[in-house]
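Heads up: the protein sequence lines correspond to chains A and B, in order.
Mapping of the first sequence onto this note's numbering: position 48 corresponds to residue 48, and the numbering continues sequentially without gaps.
Mapping of the second sequence onto this note's numbering: position 171 corresponds to residue 171, and the numbering continues sequentially without gaps.
It is worth saying that the hints were derived from the structure and are not from the lab.
Some clues are possibly wrong.
As the list claims (entries may be wrong) - Taking lysine to aspartate or glutamate and the DMTMM-like style, the derived pairs with C-alpha atoms no more than 25 angstroms apart in a straight line are:
id: 1; chain 1: A; residue 1: K194; chain 2: B; residue 2: D74
id: 2; chain 1: B; residue 1: K203; chain 2: B; residue 2: E132
id: 3; chain 1: B; residue 1: K203; chain 2: B; residue 2: D175
id: 4; chain 1: B; residue 1: K203; chain 2: A; residue 2: D178
id: 5; chain 1: A; residue 1: K185; chain 2: A; residue 2: D175
id: 6; chain 1: A; residue 1: K203; chain 2: B; residue 2: D172
id: 7; chain 1: B; residue 1: K203; chain 2: A; residue 2: D74
id: 8; chain 1: B; residue 1: K203; chain 2: A; residue 2: D175
id: 9; chain 1: B; residue 1: K185; chain 2: B; residue 2: E224
id: 10; chain 1: A; residue 1: K185; chain 2: B; residue 2: D74
id: 11; chain 1: A; residue 1: K203; chain 2: B; residue 2: D178
id: 12; chain 1: B; residue 1: K203; chain 2: B; residue 2: E224
id: 13; chain 1: B; residue 1: K194; chain 2: A; residue 2: D74
2 protein chains.
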Amino acid sequence: MRNEEGLRVIEIKKSVYEDNDREAQQLRQELREKGCFLLNLMSSPGAGKTTLLSQTMQRLPVGLSRAVMEADIDSDVDARRISEIGVPVSQLHTGGMCHLDAGMTRQGLASLEGDYGLVVLENVGNLVCPAEFDTGAALNVCILSVPEGDDKPLKYPLMFEVCDAVLINKIDVLDYFDFDLERCKEGIRMRNPKAEIFEVCAKSGLGIIEWCSWLEGKIEAWKEA
Amino acid sequence: MRNEEGLRVIEIKKSVYEDNDREAQQLRQELREKGCFLLNLMSSPGAGKTTLLSQTMQRLPVGLSRAVMEADIDSDVDARRISEIGVPVSQLHTGGMCHLDAGMTRQGLASLEGDYGLVVLENVGNLVCPAEFDTGAALNVCILSVPEGDDKPLKYPLMFEVCDAVLINKIDVLDYFDFDLERCKEGIRMRNPKAEIFEVCAKSGLGIIEWCSWLEGKIEAWKEA
Chain A
1 MRNEEGLRVI EIKKSVYEDN DREAQQLRQE LREKGCFLLN LMSSPGAGKT TLLSQTMQRL
61 PVGLSRAVME ADIDSDVDAR RISEIGVPVS QLHTGGMCHL DAGMTRQGLA SLEGDYGLVV
121 LENVGNLVCP AEFDTGAALN VCILSVPEGD DKPLKYPLMF EVCDAVLINK IDVLDYFDFD
181 LERCKEGIRM RNPKAEIFEV CAKSGLGIIE WCSWLEGKIE AWKEA
Chain B
1 MRNEEGLRVI EIKKSVYEDN DREAQQLRQE LREKGCFLLN LMSSPGAGKT TLLSQTMQRL
61 PVGLSRAVME ADIDSDVDAR RISEIGVPVS QLHTGGMCHL DAGMTRQGLA SLEGDYGLVV
121 LENVGNLVCP AEFDTGAALN VCILSVPEGD DKPLKYPLMF EVCDAVLINK IDVLDYFDFD
181 LERCKEGIRM RNPKAEIFEV CAKSGLGIIE WCSWLEGKIE AWKEA
């Protein structure tokens with residue numbers, strides 16, 4: 001399904017990708033030197049990124065300094081929610097862009113005052129484009145919520161391929177939707193056998209301890225590497 | 001939130017948009033001459049496009065010849081579902097692209113055998129990029145499902161600005177989510193005072209008759225224009 005126009009767009013994107021990959025690699029190195037673990041959180045619109053983030057920020061160990069960057073096309077709804085729990089937050093407006101790239105992430109980091117051991121980037125709600133742009137993060141995580149359907153790993157391959165963990169969220173409404181948990185997990189494993197899978201309900205806090213323990217382990221291992 | 005890299009990407013996209021707008025306008029004219037009404041259906045992943053489409057295809061008047069184009073990055077899950085109800089369907093793979101443009105839509109139309117009074121394009125599940133590319137459609141419709149949250153019109157402005165109608169889907173699970181129907185409608189009206197709003201449950205068929213009647217009226221008015 002590629003015509004002349006389509007191919008041309010793809011060629012343009014290819015060079016954008018290469019430039020971005022270089023910049024992401026450089027940012028990742030700089031963050032390592034500073035001891036700042038960057039987590040890139042991605043999902044469809046409304047899958048529960050902000051709620052999950054709010055829970056996560058409140059349950060990680062006290063000694064870990066933390067901040068959040070909220071990327072949105074418009075509005076500051078999410079930044080206000082994070083601010084309410086007392087975590088430093090920076091609102092990034094993408095100016096219509098459907099994803100963050102490494103350069104935009106770098107600008108976002110500069111806008112945070114102070115140094116942090118963990119910064120979480122809440123990417124634009126989009127299951128397609130953010131997966132194409134390396135932000136320089138040490139860890140990529142995706143949320144898939146039950147109401148979206150268990151077929152998403154089949155239909156949006158790249159997102160599941162690039163993620164280190166997938167959180168299946170809104171597990172509390174499983175009974176109200178045609179969602180086969182095993183079929184979903186099979187789909188995720190088909191795309192990415194190494195991806196860690198968590199079942200959570202960000203709203204009630206179910207499964208958040210397991211997820212936070214795993215994340216803490218990842219940050220510790222990263223520090224020692 | 002624009003750096004040098006960001007601006008460059010935007011410049012590239014701008015010329016792509018202009019080329020696409022021209023091609024979309026030409027395609028729209030050709031479709032008018034052929035008497036083919038093209039509907040572009042957009043939403044986040046998992047908002048219920050295929051279920052809504054299946055219901056719609058089965059409830060429109062018998063005399064209206066119809067076909068469907070399913071645009072996906074990968075898989076043919078949706079095309080198989082539409083094929084099962086006996087409606088001609090063409091599966092378009094976008095090769096990783098996050099939206100359809102007018103050129104890809106034209107290729108999709110060419111792949112459908114025969115002439116139809118109505119063709120529905122199910123766009124890639126994405127609340128951002130498809131809104132940026134005119135496909136040449138006579139009507140743009142977006143689905144917003146209750147589990148996604150009532151703040152989506154605030155966070156994804158362009159999608160709601162370009163749509164002629166918004167279908168609020170999965171209205172049956174309203175009790176299980178923090179979703180304020182009035183706040184959602186206010187948000188839609190703020191973005192687009194002319195957009196028609198329908199409350200539906202595509203799974204059970206609730207509200208589908210009202211939506212189909214409205215669509216039928218739109219097709220009739222278009223024919224007479």
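Between the alpha carbons of K203(A) and D178(B), is the straight-line distance 25 angstroms or under? holds (10 angstroms)
Tell me if the straight-line CA distance from K203(B) to D175(B) falls inside 25 angstroms. holds (16 angstroms)
query: Hey, K185(A) versus D74(B), does the alpha-carbon distance stay inside 25 angstroms?
result: Judged against 25 angstroms, a Cα distance of about 18 angstroms means the pair holds.
K185(A) and D175(A) were given as a pair; does the straight-line alpha-carbon distance stay at or below 25 angstroms? Holds. K185(A) to D175(A) sits at ~17 angstroms (cutoff 25 angstroms).
(Q) So if I understand the rule, the pair passes when the alpha-carbon distance is 25 angstroms or less; does K203(A) with D172(B) pass? (A) holds (20 angstroms)
message: Check whether the Cα positions of K203(B) and D178(A) lie no farther apart than 25 angstroms.
response: holds (10 angstroms)
Q.
Hinted pair, alpha-carbon criterion (25 angstroms max): K185(B), E224(B). Please report holds or violated.
A. violated (31 angstroms)
- Query: Is the straight-line distance between the alpha-carbon of K203(B) and that of E132(B) 25 angstroms or less?
  - Reply: Outside the cut-off at roughly 29 angstroms; violated.
Checking one constraint from the list: CA of K194(A) to CA of D74(B), max 25 angstroms. Satisfied?
Roughly 21 angstroms separates the two Cα atoms, so the pair holds.
Is it true that the CA of K203(B) sits at most 25 angstroms from the CA of D74(A)?
Roughly 31 angstroms separates the two Cα atoms, so the pair is violated.
| query | Given the proposed pairing of K194(B) with D74(A), does the C-alpha separation stay at or below 25 angstroms? | reply | Holds, because 21 angstroms separates the two Cα atoms, which is no more than 25 angstroms.
Practice task
Mind checking the alpha carbons of K203(B) and D175(A) for me, to see if they're no more than 25 angstroms apart?
Solution key: holds (15 angstroms)
Hint check: violations occur at hints 2, 7, 9, 12; the rest are consistent with the structure.
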